[in-house]
Amino acid sequence: MTDDQELMTAIQSGDAQAYEAAVKKHLKSISHYAFRMLGNSKDTEDITQETFLRLWTHADTWRGEKSSVSTWLHRIAHNLCIDYLRKDKSSVTSEYLDEMEMDDRPMDAPDNTDKLTALKQALELLPERQRSALVLNHYHGFSNREIAEIMDISVDALESILARARRGLKALLLGKSSSSAEKSL
Amino acid sequence: MKITPERFATIVEVYGSQPEHWPVEERAEASAFLAQNPSAQALVAEYQSLDAWLDQYRVPALPALEAHVLSQARNVSTGNAFDRLMDWLLPHSGRVLAWVWRPAMVACLPLICGIYLADYFSFGIESPQNSWEEELYLLSLNDYAETLE
Chain A
18 MTDDQELMTA IQSGDAQAYE AAVKKHLKSI SHYAFRMLGN SKDTEDITQE TFLRLWTHAD
78 TWRGEKSSVS TWLHRIAHNL CIDYLRKDKS SVTSEYLDEM EMDDRPMDAP DNTDKLTALK
138 QALELLPERQ RSALVLNHYH GFSNREIAEI MDISVDALES ILARARRGLK ALLLGKSSSS
198 AEKSL
Chain B
40 MKITPERFAT IVEVYGSQPE HWPVEERAEA SAFLAQNPSA QALVAEYQSL DAWLDQYRVP
100 ALPALEAHVL SQARNVSTGN AFDRLMDWLL PHSGRVLAWV WRPAMVACLP LICGIYLADY
160 FSFGIESPQN SWEEELYLLS LNDYAETLE
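Going down the list, the protein sequences come from chains A and B.
Read in order, the letters of the first sequence are residues 18 to 202 in our numbering.
Read in order, the letters of the second sequence are residues 40 to 188 in our numbering.
Just so you know, these hints were derived from the structure itself, not from any lab.
Since this is a predicted model, take the numbers as computed values, not measurements.
One or more of the hints may lead you astray.
Stated by the list, open to error - Between beta-carbon pairs, the in silico distance windows are:
id, chain 1, residue 1, chain 2, residue 2, range
1, B, V145, A, K45, 22 to 28 Å
2, A, D63, B, P142, 23 to 29 Å
3, A, A38, B, Q87, 37 to 43 Å
Unchecked claim - A few chain A residues that don't get close to chain B, going by computed Cβ distances all over 10 Å:
id, residue
4, Q22
5, K41
6, R92
7, M168
Note that CB positions come from ideal geometry on N, CA and C, so glycine has one too.
Next up, chain B with everything else stripped away, as it sits in the complex:
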C-alpha cells in the first residue's frame, strides 16, 4: 500500500515528528515518503519544533508529597468489607455527611446498649423460646390424650 500525503500528515499529527513513534506497519513507507518529499520534510520540521517546545516543560519537585501520600494511608481503613462498613457508619471528618451522621450515631449508642441489656436480662419477661417449648409440650400431650380416647 502506497502512503498518501493525507495519511502521512495524519501520522505526523497523531504520533509526532519522530519516526520511531510512528505505527510499525506504516513506518517504512512513511519514512520513504519523507525522504522523497520536501513538503513532508517541512511538515516534520514544524512538528519537531513543537516537540522541542514540549520537551522544555519541567515539573517542579514536590518534596513533601510522598510523605503526605504515605501518611494518609495510616489514617484510612483498607478495602475489606468490615472496614468499609465502619467507614460508611463513621465517615471520616471533613465530609459533609460526617457532621450529621456522627452525632446521630453517638445519639443512637445508648438506645442500642439499652436494647442489648434488656434482651440480656429480660427483666422478668419470659423469652419466646420458652413459650414455644411449652406450646409444643402441651400439643404433644393433647395428641397423646386423643390416642387414649
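So that you can see chain A by itself, here it is in the shape it has in the complex:
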C-alpha cells in the first residue's frame, strides 16, 4: 500500500491526524496555486479551505490507480478556481483574449518594484485555462501528463494551451507577440 493510499484510507475513516498530515503536506502548494490563479488572499483562503473540506468529506471518491493525492487536490482546486473566476463578473479575464491579437506594447513596469504588479496583471489578463496551465507548469513542476489530468484535457490540447499562454504573456510583458527570433527561425 502506498503512502497516499494509507493516508486516504485513514482520512476516509475519519482520522483527524491523517487529515492534518495531508493538510501540512499539500497546503502550501494548493494555496500558492489558488493565489496565482485568483490574485488575492481572501479568495485564496476560501478556495483552499473548500479544497481541503472536500478532501475531508469526499476522500472516498479518490481513486489511487488514477491519480496521486496531489494531482487530485490540484484538480479540485483548479475546478473551484475556474468556477469562481467564471462566476465573478468583475473579473477582467475572459476567453475573448484567445481570439484577440495580443497588443505589442509591453506593460509599463520596467522597474523592479512594479514588476510583480505587472506580472499579476498580465496573468490576470490570460484566459483562466491558460493561466492555470502556466502556473501548474512553471511553479508546481507537474509533468504535462499530470497537468492534462488536472485540467481534464488531452496532452496535445495542453501543449497548445501552454504555447498560447507563454506567447500571450511574452506579448504582454516583453511586448513581443511574435518575435523577430521566431520569425527568423
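Let chain A serve as the given structure and place chain B on it in line with the hints.
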C-alpha cells in the same frame, strides 16, 4: 529525425527556456539545434527573460490559513454514508437550503414521535400481526372440518 525550426519554437513555447524541461526524446537534437542556430539562441533568450519575470512572483504568507483548514474538519462530518445522510437531512448553517429545511425537520419531529408512540402503545387497536394469526387459525380449522366431512 532532424528537428525543424517550427518544432524548436514549439518546444520552447510549450516547455520554456530551460533544456532540462524539454521532452527527453527531443532534448539532444533541440540542444544541438540551439547551439548551431543564432535565431534559436535569440528565441531562447526571450523566453529566459519571461521565465526570470515569472520567477519573481512570490506568494504572501497566509499564517492563519492552516489553523482555519484544520478547524473546519472538526465541525464537519466525514464521508461515511450515515454522516452524509445526516448532512443531507440537517445541512450546515450558511446554506440557503438550511433556512427552509431545518425548520421543516424540526416541525416534523413531533409528528414522527407521535407515529412512533401510537405504534408502540397501539391504544387498543389490535395489531395486524394478531389478525393474521387468527385468520390462519380459522383457515386451518376450516380445512380440518372439510376433511371430516
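We went through each hint and held it up to the structure:
1. B/V145 and A/K45 have their C-beta atoms about 43 Å apart, which leaves the hinted 22 to 28 Å range violated.
2. Separation of A/D63 from B/P142 is about 28 Å and conforms to the stated range, judged on CB atoms against 23 to 29 Å.
3. Under the hint 37 to 43 Å, the C-beta atoms of A/A38 and B/Q87, about 38 Å apart, fit the expected range.
4. The beta carbon of A/Q22 sits about 16 Å from the closest Cβ of chain B, which is more than 10 Å, so the claim that it is off the interface holds.
5. Some Cβ of chain B comes within 10 Å of the Cβ of A/K41; the nearest lies about 7 Å off, and the non-interface call is violated.
6. The beta carbon of A/R92 sits about 17 Å from the closest Cβ of chain B, which is more than 10 Å, so the claim that it is off the interface holds.
7. The Cβ of A/M168 lies farther than 10 Å from every Cβ of chain B, with a closest approach of about 14 Å, so its non-interface assignment holds.
Violation of the numbered hints given earlier is confined to hints 1 and 5; the remaining hints are satisfied by the structure.
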